Amino acid sequence: MSASREIEDLIELMARLPGLGPRSARRAVLHLIRKRGALLAPLAQAMQQVADSARECLNCGNIGTSDICDICASEKRATGELCVVEDVSDLWAMERAGVFKGRYHVLGGTLSALDAVGPEDLRIPRLVERIGTEGITEVILALNATVDGQTTAHYIADQLQGRVRLTSLAQGVPIGGELDYLDDGTISAALRARREL
Amino acid sequence: MDWRDHGILLSVRRHGESSAIVEVFTEAHGRHAGVVRGGAGRRLAPILQPGAQIDVTWRARLEEHLGSFTVEPIRSRAAAAMSGRLALAGLNAVTALLSFCLPEREPHGPLYLRSERLLDLLGQDDIWPLAYLNWEKALLQELGFGLDLTRCAVTGAETDLAFVSPRTGRAVSRAGAGEWASRLLPLPPCLRGEGPAPDAEILQALTTTGHFLEHRVAPALGNRPLPSARARFVETLSREMQ
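Residue numbers (numbering that gives the first Met the number 0), protein chains in the order written: chain A, 0 to 196; chain B, 0 to 241.
In short, the hints are calculated from the structure, not lab data. Here the structure is a predicted model, which is why all the values come from computation and not from measurement. Treat each hint with caution, since some may be false.
[Claimed, not checked] Computed Cβ-Cβ distance ranges for the label pairs, DEER-style:
#, chain 1, residue 1, chain 2, residue 2, range
1, B, 197, A, 195, 34 to 42 angstroms
2, B, 241, A, 48, 48 to 56 angstroms
3, A, 93, B, 219, 45 to 53 angstroms
[As the list claims (entries may be wrong)] To list a few chain B residues with every Cβ distance to chain A over 10 angstroms, as calculated:
#, residue
4, 64
5, 115
6, 116
7, 123
8, 129
9, 141
10, 154
11, 161
12, 168
13, 174
14, 178
15, 179
16, 198
17, 213
18, 220
[To be verified] Which bits of chain A does chain B cover? Going by a derived footprint, with three or more residues having C-beta under 8 angstroms, they are:
#, region
19, 107–120
20, 134–148
21, 172–184
22, 187–195
All C-beta atoms in this analysis are idealised placements derived from N, C-alpha and C, irrespective of residue type, glycine included.
Only chain B is shown next, with the shape it has when bound in the complex (with noise of 0.2 angstroms):
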């Protein structure tokens, strides 16, 4: 068995003492793991940085087996992602994300595509937290967990929409919250993609992402905890703002 792909690498895990277990996102073969020989060592360590851009053959003799990757680098994106703590923040979120929510070798070609696209975007600090969290709105999607903002639940108008419901995800007008409106999540025009989206708009947004990766998504993943590094990620946000 082998195959040949690009991907984004998500982790690295020493394994032995020069080898590393890696797992790849790659365009055609979804979230792969595989054994790098020499993955430890002083030539590929440098490559095998979260975030970086790598062409893959997996060989195998069973397709069961974990396998081993030959890796070429395309492109890094640490050096980039270390210039600036809300680029590595911003790395780490959607490293652990796609590690956490993504099943093994299941593509996802779209999500894909957005996420190297985001990445790519690391170190434009004025644009990056809008781009996140259209990934993350893309990323709910995927899984299944996808927020429906285009019309009211309750009244069905298309106007005034400033809520989420926390149980379907779907938008609620000022309106049609009434009394609720204290129980629903926020709905700022960058959520729907409308609007300059400044910062504190994005964090709103973000609290109502992560609700839905929190009560919706770890829990169908049997309820292990959401990863770390987004919370570090949305603080560090938090923190530039101020």
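With the rest of the complex left out, here is chain A (with noise of 0.2 angstroms):
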């Protein structure tokens, strides 16, 4: 052991987050003790906030520091539009595009026969709830292009049937994306979904 067991116990803490090894991590602990003034103890007051206030959005599921999020509290979201994500990360995408302006509902997952997550794991009922509740008019089943994310919005499309417009986001070439480089079902799902110039 080079260091002392407190800085040993940060490179410890540091190498489990994600993208981070045990080197690393002895780096960015190295530099943060670099810049103590201009890093590690606004890094640190920060943390602690965060600890101290990160909490679910009791609405959508979404991530904030209150129990609604400031997506569900704006009323300039209420358009009627509610866009369903897998994971809280899906959303944060979403909200980087900056498109969408209607309001969220994060499931926490998807449904897997193998890991035996069934409908009542994930948020499905409080999104049926919520389409009574908060005159919904479209549902926009933002959901990942696996199996396991259609096999889920298969699902709440069954559940929702007839009661809100359903749609799905559209399947096909990436933007900057070339022919010779995509799987074929890539292809044959951009061809489906082919549209008139």
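Hey, can you piece these two chains together into the complex? The hints should help.
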């Protein structure tokens, strides 16, 4: 051991973060210590604040600092459109795009027969409840284009059929994508979803 | 230790940050698990979808080790399956049942070939339910719970067979059933490979095969509940009929 116990503990904790291993954690900790005033103290303070206040929104499952997140609390977002996503990271990705102006619903996973994840393990009952109470006119199923994601989308569609307009994200060629590098499944999905110019 | 084979991807579980533990049903090595380095990454994740046909090379220092797979895609079936809810439910039912029923590292060549053919038919909703029923019969046969539908277990008659004994899996004729008819399982003609096989009959036949999967196969495998994906497929089929 080359550093004190406290520093070793910090390195060990940092090494558990995604994207970091023992070596990169050691480098990060060393950098933080060198920039103690500018980085380490504010970071510690910010982390403490988040640890004290971060919680799941009781309405949509987003992560915020109050019981009802900013998106759910905003009257401007009550457009009647509800975007259903698998995870908070998907919600953040949609927000980064800045195109969707409605509200979200985070399921917290997908149905999985092998992992024994059923509808009751996800936030599907709450979703059905929200359709009735929030004046939702359209539900956009923005679930991943995986077998589990689409199985979940079909299940939700069955639950909400006839109650609300149901749409899903398009599947096809990504921006900047070259046909030569696409798999046959994506190409056939894109061809099926072609539109007139 | 190493070998190379082709197979059907049954399941993928994330392992660490970028790897995945996958389960593949191969022709010569049966249901086999292994780690795929980078399997959860951007390049491999789209390939590693349940039902995909892949070429795998397995390597390990000792045979009893989990080992690692190198994967090459042969063809993806996810896109065909995702286009319809029946196909998707069917794909889930097949992969979940194979993963649930088959012992690890034991070859089941004939069942592998049937499974590959069945999955290649995904998306053809008019013929898929019957193909699935025949595959489930073959699965029961492979597991040692095959149905004997050639003659009546009571009278020996080869005609007018209308029921299946829930205890033995043997056919029973109307005459042989007598007052026990209400306790027997239905034997629609499609289960014997006869007639035009309308969806209603296929659903009836799936009740019978489902009984043996639930009451014979599952208890023999440690009394675990049958994967819910099968029930969802049957439910989807019955909904599509309406």
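Structure-based check of all given hints:
A C-beta distance of roughly 39 angstroms is found between residue 197/B and residue 195/A, which places it inside the suggested range of 34 to 42 angstroms. The beta-carbon spacing between residue 241/B and residue 48/A, approximately 55 angstroms, falls within the hinted interval of 48 to 56 angstroms. Taking 45 to 53 angstroms as the suggested C-beta distance range, the pair residue 93/A and residue 219/B conforms, at roughly 47 angstroms. With a cut of 10 angstroms on Cβ distances, residue 64/B stays outside the contact zone with chain A, its closest approach being about 22 angstroms.
At roughly 17 angstroms from the closest C-beta of chain A, the C-beta of residue 115/B stays outside 10 angstroms, upholding its exclusion from the interface. Every CB of chain A is more than 10 angstroms from the CB of residue 116/B (nearest about 19 angstroms), matching its label as outside the interface. At roughly 15 angstroms, the least C-beta separation between residue 123/B and chain A is larger than 10 angstroms, which holds for a residue marked as non-interface. Chain A leaves residue 129/B outside its interface by the beta-carbon criterion, the shortest separation being 22 angstroms against a cut-off of 10 angstroms.
Consistency note on residue 141/B: stated as away from chain A, and its beta-carbon is indeed over 10 angstroms from all of that chain's, at 20 angstroms minimum. For residue 154/B, the condition that its CB be more than 10 angstroms from all CB atoms of chain A holds, with the nearest at approximately 41 angstroms. Listed as outside the interface, residue 161/B is consistent with that label: its C-beta sits roughly 33 angstroms from the nearest C-beta of chain A, beyond the 10 angstroms cut-off. Distance check on residue 168/B: its Cβ is at least 25 angstroms (rounded) from any Cβ of chain A, clearing the 10 angstroms threshold; non-interface status holds.
Every C-beta of chain A lies more than 10 angstroms from that of residue 174/B, the closest at about 41 angstroms, which supports listing it as non-interface. Its beta-carbon lying about 39 angstroms from the closest one in chain A, residue 178/B satisfies the requirement of being farther than 10 angstroms from that chain. For residue 179/B, the condition that its CB be more than 10 angstroms from all CB atoms of chain A holds, with the nearest at approximately 35 angstroms. The beta carbon of residue 198/B is kept farther than 10 angstroms from every beta carbon of chain A, the shortest such distance being approximately 18 angstroms.
Look at residue 213/B: its CB is around 15 angstroms from the nearest CB on chain A, clear of 10 angstroms, so calling it non-interface holds up. Every beta carbon of chain A lies more than 10 angstroms from that of residue 220/B, the smallest distance being close to 14 angstroms; the non-interface claim holds. Given as covered by chain B, the region 107–120 of chain A passes the check, having 5 residues with a CB less than 8 angstroms from a CB of that chain where 3 are the minimum. With 3 residues having a Cβ less than 8 angstroms from any Cβ of chain B, the region 134–148 of chain A passes the three-residue criterion, so the hint holds.
Judged by the Cβ-Cβ criterion of 8 angstroms, the region 172–184 of chain A is covered by chain B as claimed, because 3 of its residues qualify and three suffice. Coverage of the region 187–195 of chain A by chain B holds [criterion: at least 3 residues with CB-CB distance below 8 angstroms; count 3].
Consistency with the previously given hints is maintained throughout, with no hint failing.
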